[in-house]
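Number of protein chains: 2
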Amino acid sequence: MTSTVVRFGGGIRSVGELERDHVTDVSVLGTGLMGSAIARSLLSAGRSVTVWNRTAARALLLGSQGASVASTVTDALDASPLAIVVVSDTNAARKVLGVLGEHSRRLDLVNLTTGSMADAEALAAFARTNDVLTLEGTVVAFPAEVGGAHARVMFSGSQDVWERHRETLVILGGGSEHISSRPGAVRALNNANECFFIPALVSMMEAAAYGKAAGVSEALVMRSLREGIRKLAEYCDYAAPKLANDEHATEMATIEAWLGGAARSAESMKTFGFDARLISAAEATLEYARDNGEGPSDITSVYRSELSAARARVRSAEK
Amino acid sequence: MTSTVVRFGGGIRSVGELERDHVTDVSVLGTGLMGSAIARSLLSAGRSVTVWNRTAARALLLGSQGASVASTVTDALDASPLAIVVVSDTNAARKVLGVLGEHSRRLDLVNLTTGSMADAEALAAFARTNDVLTLEGTVVAFPAEVGGAHARVMFSGSQDVWERHRETLVILGGGSEHISSRPGAVRALNNANECFFIPALVSMMEAAAYGKAAGVSEALVMRSLREGIRKLAEYCDYAAPKLANDEHATEMATIEAWLGGAARSAESMKTFGFDARLISAAEATLEYARDNGEGPSDITSVYRSELSAARARVRSAEK
Chain G
1 MTSTVVRFGG GIRSVGELER DHVTDVSVLG TGLMGSAIAR SLLSAGRSVT
51 VWNRTAARAL LLGSQGASVA STVTDALDAS PLAIVVVSDT NAARKVLGVL
101 GEHSRRLDLV NLTTGSMADA EALAAFARTN DVLTLEGTVV AFPAEVGGAH
151 ARVMFSGSQD VWERHRETLV ILGGGSEHIS SRPGAVRALN NANECFFIPA
201 LVSMMEAAAY GKAAGVSEAL VMRSLREGIR KLAEYCDYAA PKLANDEHAT
251 EMATIEAWLG GAARSAESMK TFGFDARLIS AAEATLEYAR DNGEGPSDIT
301 SVYRSELSAA RARVRSAEK
Chain B
1001 MTSTVVRFGG GIRSVGELER DHVTDVSVLG TGLMGSAIAR SLLSAGRSVT
1051 VWNRTAARAL LLGSQGASVA STVTDALDAS PLAIVVVSDT NAARKVLGVL
1101 GEHSRRLDLV NLTTGSMADA EALAAFARTN DVLTLEGTVV AFPAEVGGAH
1151 ARVMFSGSQD VWERHRETLV ILGGGSEHIS SRPGAVRALN NANECFFIPA
1201 LVSMMEAAAY GKAAGVSEAL VMRSLREGIR KLAEYCDYAA PKLANDEHAT
1251 EMATIEAWLG GAARSAESMK TFGFDARLIS AAEATLEYAR DNGEGPSDIT
1301 SVYRSELSAA RARVRSAEK
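Which chain is which? The protein sequence lines are G and B, in order.
Reminder that position 243 of the first sequence reads as 243 in the numbering used here, one-by-one numbering, no gaps.
To convert, count from 1 in the second sequence and add 1000; that's the numbering used here.
These are computed hints drawn from the structure, not numbers from a lab.
Bear in mind that the values here come from a model prediction, so they are computed numbers and not experimental data.
Hints are not guaranteed to be accurate.
[Unchecked claim] Over 10 Å on every C-beta distance to chain B, these chain G residues come out as not near it, computed from the model: (1) S44; (2) R54; (3) R58; (4) G63; (5) D75; (6) S116; (7) E206; (8) E267; (9) G293.
[Stated by the list, open to error] Pair by pair, the computed Cβ-Cβ distance ranges are: (10) B:H1150 / G:N130: 55 to 63 Å; (11) B:A1249 / G:R94: 25 to 33 Å; (12) B:G1293 / G:P241: 42 to 50 Å; (13) G:P296 / B:G1148: 25 to 33 Å; (14) G:D131 / B:P1296: 36 to 44 Å.
[To be verified] Calculated pairs, BS3-like style, for lysine-lysine (alpha carbon to alpha carbon, straight line, at most 27 Å): (15) G:K231 / B:K1319; (16) G:K319 / B:K1319; (17) B:K1319 / B:K1270.
All residues carry an ideal CB built from backbone N, CA and C; glycine is no exception.
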């Protein structure tokens, strides 16, 4: 195993001098599954990379694959004009970046650590006080897919950072893009994804468990759910223009009809002893829509009824 | 508009005589969107069809397209050796089939009206007392797709009826199949589908509303959810063998990790004034799994924790 350990001195220099002093193109802080995948995709694309990890062993493996290994965060931040932070959670990111004031060269920062919208804004503000501009990013891919044409990283925050490093950042995923100058925007997008994806996954498991209890094999249920996912994709395409126009007349099925199905299925789950949390929650949201005059509308009208309720609640809290 | 009105006398006859007396191949009771699509697909395939509808106008349209129009349910039941019932709901089906004792020829019945498992068993029992065997069926297709290679009707109930009429029934959808001799099995399968599909759809709308409130465009959210649906299909394929083996070690993400995401997203929804019913329900189900020792397991372990809870509840109710 060959690995280069990078060490730097500090001190004040002119910008030209600073840029010359960078020894690698990109630093990656955090070499877990995702961080390692990112470092490897950059190395494969011919970028020179410095890595740092809290526990050194994982970083050293990347050292043997061509990365320079920094022994401190400050060294890693000083090594490259662009640092990508991808650690376990916001607290870890905060800890790692606590030393941001101590770095001594020009630096742009990309944070790929998932956190809240407020975390993103706070990091951007803290970095700015240290003359560092930031991008927040969310990786829409499993680690094994990083660097491929179908992987995507969505970025928001500093437009300047995006433009300076675009060619490097699209190495992580062919479909990568910058969606907003607000640092929190990709966090909001990520939350929106999870508000769909997690209930969908959990209800898939509840459905399989119900099927088993009701005497239908998992294989049959899963095959049927697979078909349901195909229909979900069709519904998503059908719904998109309706949501864009906030127009909810239906060519498919009314809120009343969905409510009938939800009530019947929830009742059957309960008969078999299930809590039926997801289908009951769906029933409650559909009831709320119906009680707000959406009975004959498409299920897309849930968008309208939930958004109005949320806005009213925020307005009344502001009073 | 030409339409034939069919009328029959009653009386007791030998089976051979009964079979000869049938004047069409199939009767379709209920000519709403789905019933009409079914009648048309049968006519297109060269079957002779008798139709009946509570309000005659819709049936007469099919009369102009080659169907015979019966003026009473009993006439329709007497017209063909196979009757397909597809009306708005179980109550309507019960009303229509109340005259079952009055039909006078050999009859097999297929009920495509969605209802509960108990409704299916009750109809089968009632039909049996009138010497009629039944199949329950659920159409896995939109009306416009009926009769196509990709449409599917899942049947359960009398194996004899399935075997006698298989060639006719597969006209409705190329992928049609008989899954169980229990009449309620397709209702259970349909409920399982809805326990997944309805929460998934509702959470899609909640996610879009949240995205809007948090400053992300619907277009961007919907594009991102579309990507999520692709991942959901991958997860379904990944989960199927895990469920079949009830084995829940993870190669993806732990219950703890999903719980972190669910909690963060639920909190953000609430910050923006949303009830966040679906993501909160998912969080509760994940918490239940974690509290039952599934913290380090795959999200498929929700199947195990929910099924155990349901079975324990049924056992304790039986005591």
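If you test the structure against every hint from before, which numbers come out violated?
6, 7, 8, 15, 16, 17
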